[in-house]
Each structure stands twice: as structure tokens, then as C-alpha cells.
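Asker: So the chains spell out like this:
Protein chains: 2
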Amino acid sequence: MKASSGIEMMVRLERGTREPLRVQLERQLRDGVRSGTLRRGSALPSSRALAGELGIARGVVTEAYAQLAAEGYLVASQGAPTRVGGGSTGADAVPLPAGEPRPPRFDFRPGEPDPALFPRAAWAGAIRQALREAPDARFGYGSPCGVPELRNALATYLGRVRGVVADPETIIVTAGVTQGLTLAGRALIARGVRRLAVEDPGSVFMRGPLAALGLEIVPVPVDDGGLDVEALDAGGAEAVLVTPAHQYPTGVVLAPERRAALRAWGGWVLEDDYDAEFRYDRAPVGALQGLDRERVIYLSSISKTLAPALRMGWLVPPPALAADLRREKHRADRGSALLEQLGLATLLEHGELDRHLRRSRLEYRRRRDTLVAALARHLPHARPHGAAAGLHLLVELPGADEAELLRAAQDAGIGLEGLSQHTIAPGPPAVILGYGCIAEPAIEPGIRRLAELAGA
Amino acid sequence: MKASSGIEMMVRLERGTREPLRVQLERQLRDGVRSGTLRRGSALPSSRALAGELGIARGVVTEAYAQLAAEGYLVASQGAPTRVGGGSTGADAVPLPAGEPRPPRFDFRPGEPDPALFPRAAWAGAIRQALREAPDARFGYGSPCGVPELRNALATYLGRVRGVVADPETIIVTAGVTQGLTLAGRALIARGVRRLAVEDPGSVFMRGPLAALGLEIVPVPVDDGGLDVEALDAGGAEAVLVTPAHQYPTGVVLAPERRAALRAWGGWVLEDDYDAEFRYDRAPVGALQGLDRERVIYLSSISKTLAPALRMGWLVPPPALAADLRREKHRADRGSALLEQLGLATLLEHGELDRHLRRSRLEYRRRRDTLVAALARHLPHARPHGAAAGLHLLVELPGADEAELLRAAQDAGIGLEGLSQHTIAPGPPAVILGYGCIAEPAIEPGIRRLAELAGA
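Those protein sequence lines, which keep their order, are chains B and A.
Note that the first sequence covers residues 0 to 455 in numbering that gives the first Met the number 0.
Note that the second sequence covers residues 0 to 455 in numbering that gives the first Met the number 0.
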């Protein structure tokens with residue numbers, strides 16, 4: 000019995016398949032090199048020997064060797080055996096990506112709705128309908144701004160619920176508020192904007208991507224009336240990022256006279272309307288955009304109402320910036336995912352989103368009441384702010400060491416944020432407690448534990 | 000808390016003023032319709048519901064509705080909700096956004112697969128499964144780079160089919176190659192890259208977004224061996240955008256010695272592997288990335304294999320740029336849509352994509368053969384290039400006036416592209432004919448018509 004190179008151990012050729020023998024051989028040798036089964040530098044059998052071992056024509060082997068040499072997986076040299084080349088790696092040894100981080104034991108992290116409330120059945124039905132009914136042409140490159148069905152449904156919804164005046168022609172469906180802000184930031188920079196005013200405190204996650212574009216960030220104080228517009232005016236910025244309906248993280252509402260002053264200010268206004276759908280004991284506050292369509296870039300999303308993972312939001316531009324923003328969206332990704340768009344349009348048209356929000360409001364209000372009561376019981380000296388709306392509270396803790404408390408909370412499995420993460424000028428010691436994700440029964444024990452850590 | 004129609008958001012009734020509640024309500028609803036806040040055709044809440052929300056007698060609402068219906072601002076119909084009527088003006092009067100443009104009569108436009116081949120049933124099943132099985136935690140903010148299921152499936156698929164060596168940890172799921180290029184462009188600019196070399200001819204749609212980032216574009220000639228690497232070296236660029244497996248639009252394959260030279264060149268390489276899954280009469284050519292993981296940024300998508308409208312692709316970064324690109328993706332949109340990711344992962348794991356590609360290849364090959372035959376018959380002097388792979392041909396038309404022919408073709412309802420749209424230095428008169436979308440029976444008459452226009 001003749002000696003064997005051992006290669007036939009790894010090569011398995013199937014006859015009578017659509018894939019030619021030569022291609023099968025190439026593929027399996029390529030895999031062998033990549034996986035490291037064929038070690039770098041090791042010699043391969045001669046084409047005659049391998050052909051003999053595999054029982055195929057020699058020409059098939061020489062062609063395969065030549066192709067793999069062309070690709071760099073093999074090195075052929077005159078009068079010497081063909082060897083494995085530099086293409087060798089260890090691809091198969093790579094670890095799995097880390098899974099999603101596990102939520103903390105007491106999950107007071109702000110900024111996310113309860114995923115357990117996501118209307119899976121309604122969403123599945125809407126997607127199924129979209130896949131059944133969408134014409135073929137929909138599956139090609141459409142408008143970068145989104146499908147007409149969704150832009151029309153959004154114009155109606157935003158007008159009814161938020162007082163937004165939106166021309167469906169100019170609405171841009173985005174991958175969420177973060178993308179909307181980066182598109183707006185680039186469009187404004189192209190218009191010569193260099194300095195962006197932000198609320199202080201204000202969400203670091205929203206100003207971060209804008210600062211990364213090269214905009215100079217100008218902090219403007221926030222008081223009980225919201226953004227200090229006089230300070231804004233003095234700051235010399237050409238644009239401002241605001242959360243008028245429910246300031247993040249303080250929860251205050253921009254006062255009527257401040258709204259008028261902001262309108263008179265005359266700069267570009269980025270309105271982040273991130274959680275306006277959730278209010279409990281106060282009259283709704285319309286979007287600024289309804290009062291000033293010429294200067295306001297309105298942004299919101301379904302990240303608080305449905306789920307962040309769907310990555311969908313929208314942007315309503317002022318007429319003067321509509322073409323610029325359309326161009327930026329086209330450059331960024333040529334448009335957003337089709338099926339989510341058609342699905343959301345269906346939910347809006349059928350009133351499913353309204354129904355979902357009614358159910359959600361009842362649940363979140365219960366949690367809010369439980370949280371407020373637990374704070375009063377276990378942290379009597381704490382000062383909660385912004386309880387009237389949204390999915391979080393800002394809780395001042397006079398005399399506490401915020402940094403120390405955050406460390407202790409993390410060790411104790413309590414998820415929350417510190418006010419200092421969102422302030423530019425130093426603020427009072429305070430924590431931000433979200434009640435979007437935490438189950439109601441966990442609220443009381445969670446706050447009790449937090450109170451122990453705070454030494455209350 | 001009771002349901003809210005949102006209308007009370009815009010209505011402000013003041014008691015104890017001289018203006019009766021009914022008149023206040025009428026006036027404010029009228030203003031809402033005039034301003035477009037209430038869009039034409041949108042439904043109003045029932046008189047009972049609105050009366051409840053506003054805390055007034057139902058009769059006040061019915062009277063106001065009746066008055067506004069009489070004025071034409073509202074349309075009341077028996078047993079149906081009262082709707083905003085034609086008396087309205089403003090935002091509600093805007094036309095619908097332009098629908099997707101209608102495809103031309105003879106659709107030879109390159110760059111898109113046949114939407115009729117999209118596996119709707121398989122995709123619907125995969126999405127349904129994802130919605131049924133995904134744990135709640137998946138619906139929150141996940142990794143900006145994508146879900147582990149898809150990154151693992153991609154690493155296996157790209158290794159098997161393209162010879163790409165990808166660590167699932169570093170793969171970034173994108174909204175398509177365009178987004179991948181903008182992320183890569185920003186990361187390279189942050190590393191000091193200023194000049195980007197591109198193939199000439201090369202896709203204007205790919206270099207466009209990179210030029211928009213401020214990169215100086217350095218054209219490098221393409222010949223029968225692909226990119227002229229000597230010219231690249233002389234051009235002084237720090238990075239290059241290439242299509243090695245199937246150059247766009249010429250269809251040439253980067254020659255083995257050029258691959259070696261490009262590897263030796265040492266700059267950053269953006270590898271756009273846009274349609275490698277489609278080849279007919281030649282051996283597959285592995286991705287450049289499999290040979291040089293340190294310098295190549297590998298990009299591809301499902302836009303040619305499944306559908307552009309799903310907006311999904313991926314990027315395999317060199318280890319040195321993995322963290323930078325992850326940061327850029329987080330800043331751009333905090334991640335891609337969840338359900339498309341889980342759906343594609345399922346298709347890959349179950350071999351559905353392979354099955355779909357086998358069916359598609361047979362169909363596209365038939366169309367390719369019909370197109371080549373039609374050209375030989377009706378445009379005997381034309382010189383087709385790149386017939387061995389892909390979804391398009393580059394057809395040189397010696398002596399023709401390309402610009403004139405493109406105008407005539409458009410008037411005649413023939414969709415195609417001209418080579419001059421993609422060249423920087425002037426090239427020969429030529430057209431790019433795609434066969435991804437056109438039905439086979441339309442190919443022969445389409446080419447006959449084109450030949451008439453070309454005066455052949």
C-alpha cells in the first residue's frame with residue numbers, strides 16, 4: 000500500500016453534484032489553510048500524488064493549486080514542492096462575541112421602556128401583512144427619506160398627538176434620534192454653524208455624537224422654567240439642543256415665556272421630543288415645532304414607546320433645511336429598513352400604537368407611584384423631581400457622596416445613573432432613577448437597599 | 000388614567016370668560032384645521048370621548064362639531080367618526096410624497112437584484128421565529144455592532160464562501176455598504192488619512208459619500224488586470240477603495256500579481272465585495288481580506304443577494320481599527336435593526352440563503368446569456384466586458400455618442416447607465432447594462448431598440 004500525504008483525510012470530493020471537482024478541491028484546501036489544518040509552510044503532495052490519492056485527473060489538482068496560489072493560499076515554486084502560504088490564520092479559534100450584558104438585579108436604569116410590554120403579536124401581524132402586500136418595487140432602493148405610507152401616517156400622528164405641523168414630503172425616517180442628531184449636526188455645520196448650545200444638565204448621550212462632529216459645546220443652565228434663554232443668548236451659539244416637553248434629566252417643562260423667548264432668539268433649535276407620550280398628572284405640552292416651523296428641527300423615535308432595538312425614529316426639518324437633511328440621510332445609509340417602516344405605518348393607521356400607549360401609561364404610572372412612595376418612606380430627605388411625566392425621576396440626595404453611592408449601588412446590583420454623568424458645570428448630589436424596565440414588586444426593596452447604601 | 004385622543008393637547012378652554020365654551024372649542028378646532036395641525040381626513044374622537052377629556056358637557060362638543068361640519072371644516076357621517084374635511088388648508092393640503100419612481104419599460108439599470116426573486120416566505124418565517132423566540136432583553140439597546148447570532152453566522156458564511164477571516168467579536172453589522180464606507184471614512188480621517196485613491200472607472204455612488212466626508216479623491220486607472228497598483232503607489236494616497244473580485248463597472252478580476260503588489264503597498268484598503276456571489280463561467284476569487292487582515296476593511300451587504308430595501312450589510316475591520324469603527328457605528332445610529340439581523344442569521348444557519356442564491360444564479364445566468372446573444376445579433380460591433388460574473392455588462396460602443404445615446408434611451412424608456420457617469424478621466428463611449436431586474440423576454444426587444452437608437 001502506497002504512502003499517503005494525509006490530505007485525503009480532509010478532502011472529501013462528491014461526484015455528480017453541481018459543484019465541479021476542481022471547485023470542491025479548491026474550497027476544501029482553502030478551508031484547510033484558513034483553519035490551520037494545513038500549517039503555514041508545510042509541503043503539499045505533488046499534483047500527481049494527490050490526484051492518485053483522490054482518484055481524479057492530475058489536471059484538476061494542478062488547476063486547483065494554481066488558483067489557490069493566485070489567491071495566496073499556496074506558494075508554488077519551480078522544482079520545489081507546493082507549500083502552504085501566508086493565507087493561513089486561525090479563524091476557527093475565534094471566541095463568540097460577548098452576549099448582551101445581563102440587567103442588574105434592581106434595574107432603575109433610565110432611558111428604556113419595558114421590553115415585556117412590547118406588542119409582539121401586533122408587530123408580527125403588521126410585518127406579515129407588509130411582506131404579503133408590499134409590491135415588488137418596494138424591495139429595491141426607495142427614497143432615502145422613507146416610504147410614503149409611514150411619512151403620511153407620521154404626519155397625521157404627530158399633528159394629532161404632539162401639535163407638530165409636518166409636511167409628509169419633508170419628513171425623514173431615521174434609525175433613531177441619535178442618527179437624526181448626527182444628520183442635523185452635519186447639515187448645520189455645512190451651513191456654517193460652529194457652536195452648539197446644550198442644556199446643562201442634559202443627556203450626555205445626545206450631546207456626545209454632536210460634539211464628535213466637531214461642534215463646540217456651549218453649556219446653558221437649566222432652572223425650574225427649563226433652559227435659561229437669556230444665558231443662551233449671551234453664549235453666542237448658532238444652534239441649541241433642547242428637550243422642551245420634559246427636560247432630561249430634571250423633568251421640568253419649558254415655561255411659556257421661555258418658549259416665546261426661544262422663538263425670538265432666532266437660532267436653529269434641535270428639539271428632542273424623546274418621551275412626550277408619557278405624562279400622568281399634568282396637561283400635555285405641545286411640541287415647540289408647532290410654534291416655529293422655520294427654525295426647529297423636530298426629532299423623536301419609537302425607542303421609548305415601542306423598543307430601542309427596532310432602531311426607528313423620524314426628523315421633521317424646517318423647509319430651509321429639508322433638502323440638506325435629505326442629502327445627509329442619503330449619504331449616511333441611503334434609507335432605513337423597509338419592513339419596520341411598513342409595520343409602524345400599519346400600527347399607526349390601525350390605532351395599535353395608541354392602544355399600546357394607553358396600556359403602557361397605566362403600568363408606568365403605577366410604578367411611578369410606587370417609586371415615589373418608596374422614596375418618601377426610605378429616603379425622606381431626598382427631593383424627587385419630574386414625577387409628572389416620563390419614565391424616570393431625578394432624585395436630589397442632600398449631603399450624599401454621589402460618586403461613592405454610585406460605586407456602592409453598582410456593587411449591590413442596583414442599576415441607575417448619577418446626575419454628574421450628565422452635568423457640565425458641577426451640580427448637587429443626585430441620582431436618576433428609571434422605572435421603565437423595573438418590575439413593580441422590585442421597586443420597594445430596591446429603594447430600601449439604596450437607602451441603606453446612602454446611610455439614610 | 001383614561002385614554003387620550005391627543006386633541007385636548009391643542010384645545011385650551013377657559014371658564015368664566017365672556018366667550019362661551021362652545022365658541023372657544025369651535026374656534027380652536029377651526030384654527031387647528033386651518034393650520035394643518037389637524038390633517039385633512041384624520042378622524043376626531045367621538046363627542047362623548049372628547050367631552051370626557053375636556054371635562055365639559057357632551058352637548059357642547061356635538062354643537063361645535065355640527066357648526067364646523069356646516070362650515071366644511073369637518074365631515075360628519077352616520078355611524079362613522081367625524082373627520083377633518085376639505086375646508087382645511089395648509090399642511091394637510093400637501094400632496095403625498097412622490098411614490099417610488101416607476102421602473103422604465105426596458106429596465107437595464109445595474110445594481111439591483113430582481114425583487115420578484117426575493118424569498119418572501121422564508122423571510123417572513125425567519126422574522127416570525129425571531130419575534131416568537133427573542134428574549135425580552137433583545138428589545139433594548141444591544142451592542143451597536145449587532146447581535147451575536149448574526150455576527151457568528153456571518154463569520155462562518157464569509158469564511159466558507161469568500162475566504163474572509165472574520166472574528167465575530169469585531170464584525171460590525173451595518174445599514175449597507177454605503178454606511179460601512181462612511182464609518183470607515185470617518186475612522187480613517189481620524190487616523191490622519193486625507194487622500195483616498197479610487198478605481199477609475201469606479202462606482203460614483205461609492206466614492207461620493209467618501210468625498211463628502213472631505214477626503215481628497217485620487218483616481219487610479221483600471222486595466223485588464225484591475226487596479227494599476229504602480230499608479231496607486233505614485234498617487235500618494237493613504238487608502239484605496241477597490242472591488243477586487245469583480246471590478247465595477249469593467250468586471251475585471253484583480254490579477255494575482257496585482258493582489259500581491261497591493262498587499263505590499265501597505266496603505267489601508269477598503270474592499271467593496273458587492274456582488275461576488277454571482278459568477279457563471281469562472282472560478283471563484285477569494286476576498287483580498289483573507290490574505291491581509293491587517294490593512295483590509297472588508298465590506299459587503301445583502302443588497303445584491305436579497306434586497307436593497309432591507310438595508311443590511313456588514314463590515315470586517317482590521318484589528319487595529321476595530322475599536323475605532325465600533326465607536327463610529329455607535330455615534331452614527333447606535334446599531335442596526337434587530338429583526339432583520341435575527342432573520343438573516345436564521346436564513347444563514349438554515350442554508351436558506353445558499354438555496355436562494357443557487358436559484359438566483361440559474362436565472363441570472365439565463366438572462367446574461369440572452370443579453371450577450373442579443374448584443375451579438377443587434378450590436379455586432381459592440382464590445383461587452385465582464386460577462387463571467389455579476390449582474391451587469393460593460394458594453395463599449397466604438398464611434399457612438401454616449402451622451403446622445405443616453406438621452407435617446409431615456410426618451411425610449413430604456414433604463415441604463417453610461418460609463419461616463421463613473422469615470423473621472425475620460426473613457427471610451429460605453430453603456431452599463433444590468434440584467435438583475437429585467438425579465439428575460441424583455442431583453443431581446445430592449446437591445447433591438449437600443450441598437451436602433453445607436454444607429455447600428
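Read the hints as simulated data drawn from the structure, not as lab findings.
Please note: incorrect hints may appear among the correct ones.
[Unchecked claim] Heads up, incomplete: computed chain A residues facing chain B, CB under 8 angstroms, no partners named: (1) G139; (2) G213; (3) E215; (4) V217; (5) G250; (6) A308; (7) L309; (8) L337.
[What the hints assert, rightly or not] FRET-style restraints, in silico, Cβ to Cβ: (9) A:G235 with B:E132: 29 to 37 angstroms; (10) B:G350 with A:S76: 14 to 22 angstroms; (11) B:R104 with A:E348: 32 to 40 angstroms.
Even for Gly, the Cβ is constructed at its ideal location relative to N, Cα and C.
Asker: Which constraints among the numbered hints does this structure fail? Numbers only, ascending.
Answerer: Violated hints: 2, 3, 4, 5, 9; rest satisfied.
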